[in-house]
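For reference, the chains in residue letters:
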Amino acid sequence: MQRLEKFTQAYPQIPWRGQTQVLGLILVIIVLVALVAGFYLSVSARAASIGRDIQAMQIQIKEIEQQNETFKAHLASLTSSRVLDARLEKLGFRPINQEDALYVFIPDYPGRRPVSLAPALEEPIVSAPILPEVYTESIFQWLYRQLSPYVLPMFEVK
Amino acid sequence: MNRDYLWRYKFLGFAISILPLIIGIQLFRIQIDKEQIDAIGGIGALYAGEFKTIEPARGMIYDRYGNSMAGNETVYEVGVELKFVRNPDTIALAMNLVTGADYNEIFESASIPESPTAVYRVLARGVTPEQVERLEIIKEQMQDKYGNSNAKDAPSLSGIRFSPYLERIYPEKSIGSNMIGFVNFDQTGYFGVEGYYNDMLAGKSTVVWLPTDPNQAKGLPNTPDGVSLVLTIDREIQSSMEELVDKAKKKNGAESATIVVLDPETGEILAMATTPRLDPNEYWDFEEIFPGETPFNRAVSQAYEPGSVYKVLTMAAGLDLGVITPETEFIDTGVFDYGGAKIYNWNLGAWGPVSMLECLQHSLNTCHAWVATKIGAYNFYDYMHKYGIGRSSGVDLAGEATGRLKKPGDEDWFEADLAVNSFGQGVAATPIQMASAISALANDGVIMTPHIVHSLISKGVQHEIGHHVASEPIKPETARTITEMLATSLEIEASNALVPGYRVAGKTGTGEIPTPYGYTNYLTNASFVGWGPVDDPQFLVYVWLEKPTTSIWGSEVAAPVFKDAVERLVVLMNIPPDAVRLELSGKQTSTNGESGVSQ
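Here the protein sequences come in this chain order: A and B.
Residue numbering for the first sequence follows numbering that gives the first Met the number 0, starting at 0 and increasing by one per position.
Residue numbering for the second sequence follows numbering that gives the first Met the number 0, starting at 0 and increasing by one per position.
For reference, chain A alone in the conformation it holds in the complex (with noise of 0.2 Å):
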């Protein structure tokens, strides 16, 4: 108990004190300062890495976009009228003749249509999203449509 009490009445006195609590002082401000620069490395380094991320899919999504390119001009070629007819001929198919023809009545036909490979810009495209109003209706109109059955026949003249 005696010791304890000679240290913390020493301890106050010793000449490198002041020195080692500016020593101390400096010692935070560097550790705090390199875990700033560590943090700032870290978050920098994944920003630089996503970067490059983001340049091979651009990369890569060029290269799709050729290679679904390459995809239908192959599959055009396969599907081509001399292809098809090479094809029909190997098969035992011949095309046919005016006399051979047998025509049919189909009611509600329309015939054979000219080809729709999009939407039309006046047809709704379905796959959007149709919100239900209680997404984008404010709290008041909210209110009246959840009242209004209960109070408008209130107000009705009999």
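Where hints are given, some of them may not hold.
Claimed, not checked - Calculated cross-link-like contacts (lysine-lysine; reagent style DSS-like; alpha-carbon spacing at most 25 Å):
no.: 1; chain 1: B; residue 1: Lys138; chain 2: B; residue 2: Lys82
no.: 2; chain 1: A; residue 1: Lys61; chain 2: B; residue 2: Lys203
no.: 3; chain 1: B; residue 1: Lys246; chain 2: A; residue 2: Lys89
no.: 4; chain 1: A; residue 1: Lys89; chain 2: B; residue 2: Lys172
no.: 5; chain 1: B; residue 1: Lys458; chain 2: A; residue 2: Lys71
To be verified - Chain B residues, not near chain A, derived (Cβ > 12 Å throughout):
no.: 6; residue: Gly40
no.: 7; residue: Glu135
no.: 8; residue: Arg160
no.: 9; residue: Pro352
no.: 10; residue: Asn520
Keep in mind the hints are simulated off the structure, nothing from the lab.
Every residue gets a Cβ at the ideal spot worked out from N, C-alpha and C, and that includes glycine.
Based on the hints, put chain B in the right spot on chain A.
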């Protein structure tokens, strides 16, 4: 410490402390010195990124039922980065072996020493993915085997680069090539729809700045692909008509053959077949296939004197104006003198009293010249103008010729021109103009603008072009009257154009060819125009054989081609014979709903 050396330490301390100050001042000076800013900024910008042009994929071209007529496929540009080339000989050998490129040319390009003006050289374009794969395998194998070798002549494909890009491809090859056109090496469309709609098909390229710094990486702007086109052409009909023109040209020893198939009700072009044709995948054969002034598409680019098919326009104008009726009598003496010119018939014969129906049936020049004089010059040329003769038909195809129609007031117009124009001489029109003009007769007097694009697909939305009225030169009753007259005259003549089971209206044409020394009588333009079924016309077919050698007469060479064309069309278009159709339309009326027929 020795006091004598103290000043040295002080000086060293001062120098060390002044150094950061100088650096600081210099840094500040650089920041405000404009020259320095520009110079250093310029150097920085060189390495900060690059401008990249994003080329959108060229729009597709489909036929009316969605079959692809033009698309794109990935091919490669093979080049060398001169800085990294180690052995030009290996590069030239490999390229020669894999792509068949000329060894000497490749060797020369790859041997160029690198300099500020020579960094990269293109060796070949249009290299297929399979060829690139082979080159990559060779490169890899060489790297494995000789990669560590320091020998100067060690085989190496170092420096070779592959850049993918999209190239136009036409899966149907020459089918429809005359109205599709082609895209050349610099991605520019020529002729047909490729030329006419080039800007829309190509889309808009975007130039973007791509920073090297990944921290600044951003998503690329959305560059929409070029607009895609859905044509009015039916691939099957087109293919069939092309087969027919080839056959007709060969059989009749003609210089060229052309068939135009229109839907008179809408102006949609269902087929446009002509000779010669090019495989647009090999557009470099253009000069060989189209020597001299040979037009790419005769149907729109070659005007000619149509001859007697033109008579239907004269007769319709006369009927419409009321100066004649089908029963009006003309006394044919075998010669008609007008404006100083003597007009004779095709057989130099005199036919005596003839009705207008007989005039058409026997294709009498004298009679039609007389009808034109009854109409009068002012009205005659007014009608011709309304038919669209002598001006563009408005078809959406590149390179349309306007033809020529001399009119009163023109320096080279004489009174006699009225008489000769009446039967298709002294006037030049393209097959599409003739087909368009005569479509008025098949469509209750209304000419719909002939067109080849049915709809456009842009940004995921399909826009239909619609059908537009070009003019209404004659009344519906007139159209029906002349159609009936023409159908009857074909039936009386037992024409080669008649199609069993289907009633068609039509007219032959044999036009002499003008030369600097007058008209030839041994080389002609043989034509036939017809439409059907008469009570509900669904097609109009215009046939033109240029300089046939087996016979000079349209009735003998062009009419059978029309018959063949219609026999194929009715099958491809699902048009039942008249008797069946009328029976089926009775059922349709009884159900009171939309209905159709199928084979």
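Structure-based check of each hint:
| no. | hint | verdict |
| --- | --- | --- |
| 1 | B:Lys138 x B:Lys82 | holds, 17 Å |
| 2 | A:Lys61 x B:Lys203 | holds, 16 Å |
| 3 | B:Lys246 x A:Lys89 | holds, 24 Å |
| 4 | A:Lys89 x B:Lys172 | holds, 21 Å |
| 5 | B:Lys458 x A:Lys71 | holds, 18 Å |
| 6 | Gly40 | holds, 22 Å |
| 7 | Glu135 | holds, 15 Å |
| 8 | Arg160 | holds, 15 Å |
| 9 | Pro352 | holds, 40 Å |
| 10 | Asn520 | holds, 37 Å |
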